[in-house]
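Enquirer: In case you want the letters, here they are:
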Amino acid sequence: MSSSKSVDMQQMRDIDITKKKVRWGEWMIESSLALCATISVVTTAVIIFILAKESMGFFQVVVPADFFFGTSWVPLLEPSSYGVLPLLWGTLLITFGAALFAIPTGLASAIYLSEYASPRTRSIVKPVLEVLAGIPTVVYGYFALTFVTPLLRMLMPELQVFNALSGAIVVGIMILPTIATLSDNALRAVPDSLRQGAYALGATSYEVTTRVVVPAGLSGVMASFLLAISRAIGETMAVTLAAGATPNLSFTFLESIQTMTAYIVQVSMGDTPAGGIAYQTLFAVAAFLFVITLILNIVSQWILSKFREEYE
Amino acid sequence: MMTNQNCAQNLELVSGQLFTDEVILDIDDVTISYSGNPAVKSVSFPIAKNKITSIIGPSGCGKSTLLRSINRMNDFVEGVTVQGQLSYCGHDVYSSEIDPVEVRRNIGMVFQKPNPFPKTIYKNISWGPVINGYKGSTDELVEKSLRQAALWEEVKDRLHESALSLSGGQQQRLCIARALAMEPDILLMDEPCSALDPISTSHIEDLLFELKARYTIVIVTHNMQQAARISDYTAFLEMGDLIEFGVTDQLFTRPSQRRTEEYVTGRFG
Ligand SMILES: Nc1ncnc2c1ncn2[C@@H]1O[C@H](COP(=O)(O)OP(=O)(O)OP(=O)(O)O)[C@@H](O)[C@H]1O
Ligand SMILES: [Mg+2]
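Sequences listed follow chains L and G, in order. Under the numbering used here, the first residue of the first sequence carries the number 1, and numbering increases by one thereafter. Under the numbering used here, the first residue of the second sequence carries the number 1001, and numbering increases by one thereafter.
If you are wondering where the hints come from, they were derived from the structure by calculation, not from laboratory data. As the structure is a prediction and not an experimental result, all values here were calculated from the model. Be aware that a few hints might be false.
What the hints assert, rightly or not - The calculated BS3-like cross-link candidates involving lysine-lysine, where the alpha carbons are at most 30 Å apart (straight line), are:
| id | chain 1 | residue 1 | chain 2 | residue 2 |
| --- | --- | --- | --- | --- |
| 1 | G | Lys-1144 | G | Lys-1049 |
| 2 | G | Lys-1135 | G | Lys-1212 |
| 3 | G | Lys-1144 | G | Lys-1113 |
| 4 | G | Lys-1156 | G | Lys-1123 |
| 5 | G | Lys-1123 | L | Lys-306 |
| 6 | L | Lys-306 | G | Lys-1119 |
| 7 | G | Lys-1123 | G | Lys-1144 |
| 8 | G | Lys-1135 | G | Lys-1119 |
| 9 | G | Lys-1113 | L | Lys-306 |
| 10 | G | Lys-1123 | G | Lys-1212 |
| 11 | G | Lys-1156 | L | Lys-306 |
| 12 | G | Lys-1135 | G | Lys-1123 |
Said to hold, decoys possible - Over the 12 Å line for every Cβ pair with chain G, so calculated as not near, a few chain L residues:
| id | residue |
| --- | --- |
| 13 | Met-154 |
| 14 | Val-190 |
| 15 | Ala-216 |
| 16 | Gly-217 |
| 17 | Ala-223 |
| 18 | Arg-231 |
| 19 | Ala-245 |
Glycine included, every Cβ here is placed at the ideal spot set by N, Cα and C.
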């Protein structure tokens, strides 16, 4: 930088530091940001309030024990019963199946991308994965119905048209890019000096990857798993299309099931009158789902803080 | 497995003196290029067994490049080519029959910035030997390595704490201990004291003196006094060329090249 320029700057600068200026632009930005933050806090509070209020109404009619431990979910027909376990089971089945598929595959892809792939391969694969993550979930649902299920039925003729297996598979495919790209980021954030240190001790690249890089990036990798699992739990359209809408407590992937979110959609789209018990079941199920995801989030925060291996 | 036996007894003339030490590693006409641009040009000098050899020279002259080529750490840098011969006990380190992993088991390295694994102190030491199939008692190995690196007394009560809880100087000694746990033939050190305070530095210098009895040490340093104090032989590089190699005392007090004299006396551009 030339010295003449800095002299100009000094002459130009207003040296009266006692003059306090009101910067309107800054004030407006600050206020609008605060407003946005308030909106999201208020919205959350209102949602929680409505969920709590309507569930209260529900639990005045239905005994909580019947809801939490009942094994039959027949809310819309007489004689009705309100045991949420079949819905919970459906959600768990899909989530577990999807995780079983997506966690190993996603982690393997992430390891490949971050440790083995050439920069060229990476520059092609990564955007493709990110596009996959952006496909509307209803598309995955049709993919399950028109491609995955027919394919599976050729192998397993006893498979129902709507079945948990193909739901779990497409949800797995859906969350795979999340795991792969986020874990890849976490592994690439591991400083190269650690890899070098390991190689210098006569480690093979497999040992460096599995025993230094993955453990060092574990908090980010776990975070990607948990985020993916939350997505699987909340997934609605793909599951409804693939696995149908039959509350089912049997230990099989071959039959139709119903998840908590799928039930909410089913009832919301029907003509259930507001205020009735059937209408209130929506809020009870939603509140239950909310509590489950909240617990999952808290547990994952806790796990993350335990696993955090700081490398700087 | 490479053996550390049958290292040839080279007799070479160095700065007019007969080089009578046993040569463990012979750098012979080595040229190292990054994507075709040579960073080290036709460098030749021997590394004497159980001695400390220092490599000095201005920034960017190729010291790290040369050092990293010895244990094939350059393999991880895109576009590096090595010509010439680096013979370690008669084996060319770059020959196609040589497994680079095996080379690194025998030739350890300590980096400029301490890079302990984010694991416990204990695991940092045992990691290398364990993945390489060490079957003995890791407790003993950990204690022995930490003692050799003059760190045992400071950490013996906190072996299962994270290595990252140590100070920078302790971390660097831990990295030295980690390298020593592999019982390498040669220990390469790239400015191991540059991130350390004078006290930690003198700890490590004392340490190197003791390690000489069992290991061969090659050290890159920017610190002239350090090179003069600790090393037996010194190589002076400039812009990728070896300007002078010789017995340290002689290179610092009666250099045969004018450029060496200018550099070691600080009259360097
Ligand atoms: N990864 C790389 N890719 C391309 N060129 C490189 C790379 N690493 C080093 N170089 C070049 O090679 C030359 C020698 O670098 P080197 O790191 O060996 O120097 P040095 O003597 O260790 O310097 P310093 O004392 O600053 O550490 C420099 O010109 C540098 O720019
Ligand atoms: Mg260097």
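Enquirer: Next step is simple, just say for each hint if it's right about the structure.
Expert: These are the hints, each one checked on the structure:
1. Under the criterion of a C-alpha separation no larger than 30 Å, the hint pairing Lys-1144/G with Lys-1049/G is consistent with the structure, at around 22 Å.
2. Between the alpha carbons of Lys-1135/G and Lys-1212/G the distance comes to roughly 26 Å, so the proposed pair stays at or under 30 Å and holds.
3. A C-alpha spacing of about 23 Å is found between Lys-1144/G and Lys-1113/G, which places the hinted pair at or below 30 Å, so the restraint holds.
4. With a C-alpha separation of about 13 Å, the suggested pair Lys-1156/G and Lys-1123/G falls inside the 30 Å cut-off, and the hint holds.
5. Using a Cα cut-off of 30 Å, the hinted pair Lys-1123/G and Lys-306/L holds, with the two alpha carbons roughly 18 Å apart.
6. With a C-alpha separation of about 14 Å, the suggested pairing of Lys-306/L with Lys-1119/G holds against the 30 Å cut-off.
7. The suggested pairing of Lys-1123/G with Lys-1144/G holds, with an alpha-carbon distance near 14 Å, which does not exceed 30 Å.
8. Pair hint Lys-1135/G plus Lys-1119/G holds up; C-alpha atoms about 21 Å apart against a cutoff of 30 Å.
9. The straight-line distance between the Cα atoms of Lys-1113/G and Lys-306/L is roughly 27 Å, inside the 30 Å bound, and the hint therefore holds.
10. Taking the CA atoms of Lys-1123/G and Lys-1212/G, the gap is near 25 Å; set against the 30 Å cutoff, the hint holds.
11. A hinted pair counts as satisfied when its Cα atoms are at most 30 Å apart, and Lys-1156/G with Lys-306/L qualifies at roughly 25 Å.
12. This hinted pair checks out: Lys-1135/G and Lys-1123/G have alpha carbons roughly 15 Å apart, not beyond 30 Å.
13. Against chain G, the non-interface label of Met-154/L holds: every CB pair exceeds 12 Å, the least being about 45 Å.
14. The claim that Val-190/L lies off the interface is violated: its Cβ sits roughly 9 Å from the closest Cβ of chain G, which falls inside the 12 Å cut-off.
15. Annotated as non-interface, Ala-216/L brings its C-beta within 12 Å of a C-beta of chain G; the closest such distance is 5 Å.
16. Separation of Gly-217/L from chain G is inadequate, the least Cβ-Cβ distance of about 10 Å not exceeding the 12 Å criterion.
17. For Ala-223/L, the non-interface assignment is confirmed: its Cβ lies about 17 Å from the closest Cβ of chain G, beyond the 12 Å cut-off.
18. Interface exclusion of Arg-231/L from chain G stands, the closest Cβ pair being 29 Å apart, more than 12 Å.
19. No Cβ of chain G comes within 12 Å of the Cβ of Ala-245/L; the nearest lies about 48 Å off, and the non-interface call holds.
Checked against the numbered hints above, the structure breaks hints 14, 15 and 16 and satisfies the rest.
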